[in-house]
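Chains as they are written, first to last, in the numbering used here: chain A, 14 to 419; chain B, 14 to 419.
There could be a bad hint or two in this list.
Claimed, not checked - Below, in silico cross-link-like pairs of lysine to any residue (SDA-like), each with a Cα-Cα straight-line distance of 25 Å or less:
#1 A:K95 <-> B:D92
#2 A:K392 <-> B:L397
#3 A:K399 <-> B:A391
#4 B:K392 <-> A:V383
#5 B:K28 <-> A:M361
#6 A:K379 <-> B:L397
#7 A:K399 <-> B:R259
Unchecked claim - If you anchor each label on the Cβ, the simulated ranges turn out as follows:
#8 A:G46 <-> B:L332: 28 to 38 Å
#9 A:G46 <-> B:H286: 41 to 51 Å
#10 A:E226 <-> B:K303: 46 to 56 Å
#11 B:D160 <-> A:E216: 51 to 61 Å
#12 B:D208 <-> A:K379: 56 to 66 Å
#13 B:G76 <-> A:R179: 51 to 61 Å
#14 B:G76 <-> A:Y376: 23 to 33 Å
#15 A:M14 <-> B:V97: 20 to 30 Å
#16 A:D302 <-> B:D254: 55 to 65 Å
#17 A:E133 <-> B:R259: 34 to 44 Å
#18 A:P233 <-> B:K19: 41 to 51 Å
FYI, nobody ran anything at the bench for these hints, they're computed from the structure.
Glycine residues also receive a C-beta, built at the ideal position from the N, C-alpha and C atoms.
Number of protein chains: 2
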Amino acid sequence: MLDTIKGLAKKTDSKILMVVLDGIGGLPLELGGDTELATAHTPNLDALAPLAQLGQVELVGAGITPGSGPGHLSLFGYDPIKFVVGRGALSAVGIGVKLGYGDVAVRGNFATLGAGRIVEDRRAGRPSDEKNAEIVGKLKAAIPEIDGVQVEIYTESEHRFVVVFRNPGAPLGANLSDVDPQATGVQPLTAEAHDEASKKTAELVNAFVAQAEAALSAEPQVNGVLFRGYSDVPHFPSFDDIYQLRAACIASYPMYKGLASLVGMDVLEVEGHEDALSGKVEALKANWDKYDFFYFHVKKTDSTGEDGDFAEKVHKIELFDELLPELLALKPDVIAIVGDHSTPSKLMSHSWHPVPLLIASQYARKDAAVRYTEEEAAKGTLGLRKGTDLMPLLMANALKLQKYGA
Amino acid sequence: MLDTIKGLAKKTDSKILMVVLDGIGGLPLELGGDTELATAHTPNLDALAPLAQLGQVELVGAGITPGSGPGHLSLFGYDPIKFVVGRGALSAVGIGVKLGYGDVAVRGNFATLGAGRIVEDRRAGRPSDEKNAEIVGKLKAAIPEIDGVQVEIYTESEHRFVVVFRNPGAPLGANLSDVDPQATGVQPLTAEAHDEASKKTAELVNAFVAQAEAALSAEPQVNGVLFRGYSDVPHFPSFDDIYQLRAACIASYPMYKGLASLVGMDVLEVEGHEDALSGKVEALKANWDKYDFFYFHVKKTDSTGEDGDFAEKVHKIELFDELLPELLALKPDVIAIVGDHSTPSKLMSHSWHPVPLLIASQYARKDAAVRYTEEEAAKGTLGLRKGTDLMPLLMANALKLQKYGA
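Between the sequences and the hints, there should be enough to build the whole structure, so can you do that?
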């Protein structure tokens with residue numbers, strides 16, 4: 014389907030604003046009651062909904078609870094069953110590292126090794142983040158590259174770190190065995206490639222282990238490294254390539270910025286702490302003329318759901334509603350309001366329930382849905398859809414897709 | 014998708030009850046009128062529906078009228094376009110024969126052969142079931158095995174019988190030509206294999222024909238056999254393997270028991286005749302602690318539709334409604350009420366219309382549907398779905414699926 018859309022996409026001046034309210038879908042606390050969205054006082058959403066089209070979106074498939082990665086990839090038009098971003102890559106992306114096709118990201122643990130390289134503690138006594146950064150500094154100095162391949166080392170937290178191997182021109186494979194023996198009292202394992210494309214990666218990993226132990230030999234506790242979970246990066250045809258869109262990401266948390274950069278969006282600077290809603294609006298205004306697609310991410314609707322705080326999730330929805338007029342004042346040709354998954358306070362976790370979708374443009378049919386809530390969205394003319402339907406619908410409403418066939 | 018679900022399934026203590034009201038979907042007798050479900054007095058379903066989620070299910074595809082086999086396979090999560098159980102296998106399953114991967118089931122007709130093996134009557138004068146059984150007894154004694162392959166012979170009815178070849182360890186193919194010439198005045202044909210895997214089967218079939226004619230040479234009328242329709246059995250990954258469910262079937266008709274056993278369910282004993290509803294409820298209660306998934310089949314909603322008896326179908330729906338409280342008293346974590354296809358009395362046959370679906374669990378959103386009827390179900394938040402969506406939705410509502418991706 015991406016190929017079909019790519020063949021139809023055309024460049025125009027119209028602008029699309031995709032607002033992702035993270036984890037927006039909810040549940041009533043008691044059967045038959047109101048969800049967080051239905052409970053919230055949202056006069057601005059309520060004014061938008063009657064003239065918009067509504068529907069429901071399933072990001073991965075029936076009954077499947079999406080992680081944030083697959084949920085977002087689906088919204089961006091990439092089938093999340095086909096485009097799989099592994100845990101190592103998500104760890105790297107989650108701390109803001111940009112990854113490209115052919116790079117390999119690896120999750121590492123610092124460990125304590127005793128005499129004869131015996132693993133004594135697989136977490137090196139859980140060092141502080143500061144100690145972790147100090148060790149990472151030493152490793153960076155000692156291992157800038159291996160055999161011509163670029164080596165990047167990043168602190169994650171406590172005993173966890175991430176290594177990225179980049180070998181432009183010769184993509185690295187990620188199909189190899191772990192170094193972490195997942196036990197103490199034994200030596201670290203030697204990584205072994207499971208396919209031809211990963212032979213070079215296994216050599217890099219084993220060389221890294223040896224060089225790191227040498228560089229850390231004077232450390233009493235943080236003197237070894239264990240690797241578990243290697244990820245290569247699938248080849249994402251870029252937003253520009255598929256949709257002919259100059260696309261910008263407005264988000265404040267690293268993982269979302271990383272996912273957006275994977276598909277070729279520019280990641281805009283956002284001022285402020287945590288969700289930084291006003292900073293995001295400022296970034297949107299300041300860059301409005303420079304792009305024709307904006308991905309605008311709101312995080313706290315998810316965090317409050319994960320906390321199981323129904324009232325606070327309601328409040329975060331109301332905060333978003335308050336700034337909606339500023340977004341609409343920019344007069345986007347198409348605005349979508351959607352989520353990457355549901356996060357009902359009742360479940361205190363992501364869930365499988367579809368998310369409500371609102372699309373407003375000049376080309377909307379009237380529908381029976383009068384509010385942006387789960388119950389109303391189910392009455393909308395957009396129906397129940399896959400997440401990957403969203404981008405084509407937005408492109409169409411922006412008059413950016415040519416006719417298919419004569 | 015089965016692979017994705019398999020990768021996410023986890024074992025928990027929660028219990029799922031899937032009630033299949035065979036052929037439940039209906040039509041109004043006059044346009045604009047009420048269906049059988051809408052006509053029925055169903056206070057217990059009416060109490061359940063407002064707190065449940067509703068939707069519509071298409072078992073095979075738009076406009077496609079499902080047979081009972083494909084309808085059930087779809088409900089169990091197996092794409093009925095991919096997992097095809099041929100007519101021979103369904104005939105065998107329909108008389109209660111258990112089939113496994115690599116077995117071949119063949120539909121046979123008894124025939125009358127004249128001088129020179131000329132087919133005089135392709136149905137051997139339509140013998141009685143008793144005569145059929147007598148002939149089958151002779152064949153069983155004469156042909157217990159061929160060339161080390163196990164041969165089983167079963168009476169179906171009148172001139173029809175079924176042969177099953179089982180060759181454990183070396184699966185048999187079923188791609189071969191018929192023995193039945195579909196004409197009189199000619200000899201039976203010689204079966205010829207269309208692929209390598211079916212060469213052995215063709216040898217078995219031709220040997221069976223010769224040995225049967227020898228064994229029946231003293232019979233004046235039932236002295237030949239014709240074969241038409243060979244089925245191997247697709248490899249069904251089992252319920253336990255995919256869903257990690259200990260699953261039980263509660264049904265009274267052989268075909269449904271056979272289908273359930275194909276996918277690895279335990280088939281429970283049910284006391285009573287025909288639909289045996291009270292026997293089924295007893296079986297459910299007696300085994301409630303031993304399984305975490307129950308398939309509970311109700312047949313008469315279909316039979317009355319096939320008879321074109323609108324009032325009687327309404328009555329059978331009301332009978333089910335009366336026993337619903339006994340099912341709910343067991344407190345299943347998830348209960349689904351659904352059909353394997355529609356059987357409108359107006360059509361006196363299966364039909365293509367979607368079936369209404371109800372799912373009740375603690376994780377239901379409120380929806381606009383207030384009764385379990387075709388019209389109300391179309392208002393539900395579950396939307397219009399494929400049958401294969403059902404199992405993932407039930408697994409999700411039972412909290413038996415992990416998150417997909419991070």
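Quick rundown of the hints versus the structure:
1. Of the supplied pair hints, the one linking K95 of chain A and D92 of chain B holds, its CA atoms being roughly 19 Å apart against a limit of 25 Å.
2. Between K392 of chain A and L397 of chain B the alpha-carbon distance is near 12 Å, which keeps this suggested pair within the 25 Å criterion.
3. In summary, the hint linking K399 of chain A to A391 of chain B is supported, as the alpha carbons are separated by about 19 Å, within the 25 Å threshold.
4. Simply put, K392 of chain B and V383 of chain A have alpha-carbon atoms about 15 Å apart, close enough for the 25 Å limit, and the pair holds.
5. Proximity of K28 of chain B to M361 of chain A is assessed by CA-CA distance (about 21 Å); at most 25 Å being required, the pair is judged to hold.
6. Distance restraint check for K379 of chain A and L397 of chain B: the Cα-Cα separation of roughly 21 Å lies within the 25 Å cut-off, and the hinted pair is therefore satisfied.
7. Using a Cα cut-off of 25 Å, the hinted pair K399 of chain A and R259 of chain B is violated, with the two alpha carbons roughly 31 Å apart.
8. Checking the proposed 28 to 38 Å range against G46 of chain A and L332 of chain B shows it holds: the Cβ atoms sit about 33 Å from each other.
9. As the Cβ distance of G46 of chain A to H286 of chain B is approximately 45 Å, the hint placing it in 41 to 51 Å holds.
10. A C-beta distance of roughly 54 Å is found between E226 of chain A and K303 of chain B, which places it inside the suggested range of 46 to 56 Å.
11. Between D160 of chain B and E216 of chain A, the C-beta spacing of about 55 Å keeps the proposed range 51 to 61 Å intact.
12. Between D208 of chain B and K379 of chain A the CB atoms are about 57 Å apart, so this pair conforms to the stated range of 56 to 66 Å.
13. G76 of chain B and R179 of chain A have their C-beta atoms about 52 Å apart, which keeps the hinted 51 to 61 Å range intact.
14. A C-beta distance of roughly 29 Å is found between G76 of chain B and Y376 of chain A, which places it inside the suggested range of 23 to 33 Å.
15. The beta-carbon spacing between M14 of chain A and V97 of chain B, approximately 27 Å, falls within the hinted interval of 20 to 30 Å.
16. At about 56 Å, the beta-carbon gap between D302 of chain A and D254 of chain B stays in the expected band of 55 to 65 Å.
17. Checked against the given bound of 34 to 44 Å, the beta carbons of E133 of chain A and R259 of chain B, roughly 42 Å apart, stay inside it.
18. Here the CB-CB span from P233 of chain A to K19 of chain B is close to 46 Å, well matched to the stated 41 to 51 Å.
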